[in-house]
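Protein chains: 2
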Amino acid sequence: MSLKEPDPMSSLLIRNVRPMGSPGGPAVDVRVQDGRIAEVGPALAAPAATPVEEGGGALLLPGLVEGHTHLDKTMWGMDWYRNEVGTNLTDKIDNERAFRHASGHDAAAQSKVLAKAFLALGTTRLRTHVDVDTQAGLRHLEGTLRTREALREVQQIQLVAFPQSGLLGRSGTAELLDESLAMGADVLGGLDPCAIDGDPVKSLDVLFGIAHKHQRPLDIHLHEPGAMGAFSLDLILQRTKALGMQGKVAISHGFCLGDVGEREREALLARMAKLGVVLVTSAPPSRSVPPLLACRQAGVTVLGGNDGIRDTWSPYGNPDMLERAMIIGLRYNLRRDDELEVALDTVTHSGARGCGFEQYGLVPGNRADLVLVDAQTVAQAVVARPVRRLVVSGGRVVARQGVLQPEVAAL
Amino acid sequence: MSLKEPDPMSSLLIRNVRPMGSPGGPAVDVRVQDGRIAEVGPALAAPAATPVEEGGGALLLPGLVEGHTHLDKTMWGMDWYRNEVGTNLTDKIDNERAFRHASGHDAAAQSKVLAKAFLALGTTRLRTHVDVDTQAGLRHLEGTLRTREALREVQQIQLVAFPQSGLLGRSGTAELLDESLAMGADVLGGLDPCAIDGDPVKSLDVLFGIAHKHQRPLDIHLHEPGAMGAFSLDLILQRTKALGMQGKVAISHGFCLGDVGEREREALLARMAKLGVVLVTSAPPSRSVPPLLACRQAGVTVLGGNDGIRDTWSPYGNPDMLERAMIIGLRYNLRRDDELEVALDTVTHSGARGCGFEQYGLVPGNRADLVLVDAQTVAQAVVARPVRRLVVSGGRVVARQGVLQPEVAAL
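Chains A and B supply the protein sequences, listed in that same order. Under the working numbering, think of the first position of the first sequence as 1, with each following residue one higher. Under the working numbering, think of the first position of the second sequence as 1, with each following residue one higher.
Just chain A, with the same shape it has in the complex (with noise of 0.2 Å):
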């Protein structure tokens, strides 16, 4: 390779930041050099024309992550959806289904919208569930998979597909979901296998099958509650052993360990962490949810998402990673700063880990992915989630003040 004159447009200094609020300690510059974090430090040195951004002491966080999320479930900008849904998780289901069909909701588009409103605060890598089923086929997964590409530089997505409407009740489902893994999604998912497939084994069976011949990841939705929800986790527990996919699964929801009772949780912790199977909650404020602190006390991963965000489901959600951290905070009364600071590794560390985003963090040799905030503290950050100041994802400014870049606007 020939020798090249420096890309001005490949660096970039900011100065004057607090990683994490630096408690205590000075605040420092941040040299970024090919979309990586080449150095961290007091007074650093600006290569000639090296961009600068001044951060003015704003604190830094590393980009933030979203754990589980539907963007292309989404109606994110579009006129509001009336909610008339019954309370049942089929009703649910069923009414999404319908509304559809009846209205050819467009994947494609409404992911990028919300994906892009994701990147404006802060949010750099993002795993989405994406509906598989008999009815929709792989539509939603071609929209996703575009949304994935136009967005490849500055989001790093990872799309699960996932079967809505159960593995076993719809002829053909296994075989859209072996397709989809073919066609380049990332992770495979479940769901209920008692609740909604009404035979576990063969549903798991089924399940754990596809992932094995593709070697890719799972990540089972457990809404099951208490007993029944207990004894699904042991049969996924079960069959990630013995088909040595630790470290491969993720069990989204889980609210059956908010459930049962302490002796059989912490049995049930304690396999979780001995085979790297990690949690993720949206900490629903109205159901049982894994007790936060326990769960990583026994070394299980907990990381945060929104699950779907403003969709025919529910009305909630919201793509700023912060409030997520706030809602993980109010539901698990995390009060104490140490405590908010735990709030906030569900959607930053804790996040990446689980999702299997690697490169990350605040140190040399890590992508670049900045958030800049004016608090004083973590804690601050996630009470009182000021306006995105700069986000920057792999060493480009993408967003100020909560707005996208004109240019990254046009992806």
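A few of these clues could be false.
[Claimed, not checked] Far from chain B, by Cβ distances over 12 Å, these chain A residues were calculated: (1) 109; (2) 401; (3) 404.
[Stated by the list, open to error] Below, a sample of chain A positions facing chain B; criterion: calculated Cβ distance under 7 Å: (4) 181; (5) 331; (6) 385; (7) 387.
Honestly, the hints are just simulated from the structure, not real lab data. We put the CB at the ideal spot given by N, CA and C, even for glycine.
Knowing the structure of chain A, use the given hints to seat chain B on it.
Chain B alone, transformed into the frame defined by chain A:
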């Protein structure tokens, strides 16, 4: 009285707004005269020299109501307070008293900062609990009385004289509460007669005695869980009836109503409804709470409030009552549009009724307390919490785009 020229400052015409979203209906105009709503209807005539505000088809809400906060405790706008407090209720009480003693916390200044932040976000009426104890004496009451006076024209503030450190434990507290009501506190507060005071009969007899003497309403913070809380609640209802205080008693929190069995709960709710005892909730996501819809069905008014906002107790809370409505919605899993209208009701009509604020609501004759937001529906206003485009209090424009008018900021 002689005839006077009309004062243009006392009239206002707001064009093109949708009261509560006007589902299916046309936009209307609202004419304000002498601080009251004079007329609501399509294409109203504007009397000469009447200032006109263009509403742009925005959603019109009545002024928001905060039913339970602690303006005097807040550190809103101050340097971040690092929370390292223990988990017991008494840890938090003792920590706060010690912090206050050491820091000389300025209740007058802080209560005004937070009250104005509430106003900028559309809260035109609020009830705040003011600490009265033998260490701080009446200092917090004096401070909040000053704030109430300073903001009298633009915000209705009810002050509750509240024995945060207990009524019986520190000799002299009852006398301070008595003095507080004589000084101008509107309501008498109470606190956990079993768990904090340790002598529920004596505690409630003293408390009701002071309220009855001054003929003032009561607002009792009942954190006590399960059977203990239900026992205290029974004692409260007995005294409400015996002293003829129907319609004058509020129970804040009332967590016990989320714990006890359905039959016991229904019996308590029926008595509350009959005695006009209302329930105030912050809908904490980490605790059991009174079931909102069951309470309403039983005829009990339920109103919403933040509880403390960014103080030594908790870093959470926000002077945005739409955000509180959202948290209430999340806590009670209110997803349908008609359910989200209930969430809003807790911080509007039920809030006003529960606190006894009069002349409330969007019909002619009522105080012109108006909030405009860009939202298609009430449900959207709750989940999206849009910028307050215009806030009118007592007929006067007090804030635009979430920012107080300079003359109001200067109060």
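Consistency of the hints with the structure:
Distance to chain B confirms residue 109 of chain A as a non-interface residue, since its nearest Cβ pair spans about 20 Å, more than 12 Å. No Cβ of chain B approaches the Cβ of residue 401 of chain A within 12 Å, the least distance being about 15 Å, so the stated non-interface status holds. In this structure residue 404 of chain A is separated from chain B by more than 12 Å, as the shortest Cβ-Cβ distance comes to about 19 Å. Interface restraint check for residue 181 of chain A: the shortest CB-CB distance to chain B comes to about 32 Å, outside 7 Å, so the restraint is violated.
For the restraint placing residue 331 of chain A at the interface with chain B, the shortest Cβ-Cβ distance is roughly 4 Å, inside the 7 Å limit, so the hint holds. With its C-beta approaching chain B no nearer than about 9 Å, residue 385 of chain A sits outside the 7 Å limit, and its interface hint is violated. The restraint placing residue 387 of chain A at the interface with chain B is violated, with a minimum CB-CB distance near 13 Å, outside the 7 Å limit.
Hint compliance for this structure: hints 4, 6, 7 are broken, all remaining hints hold.
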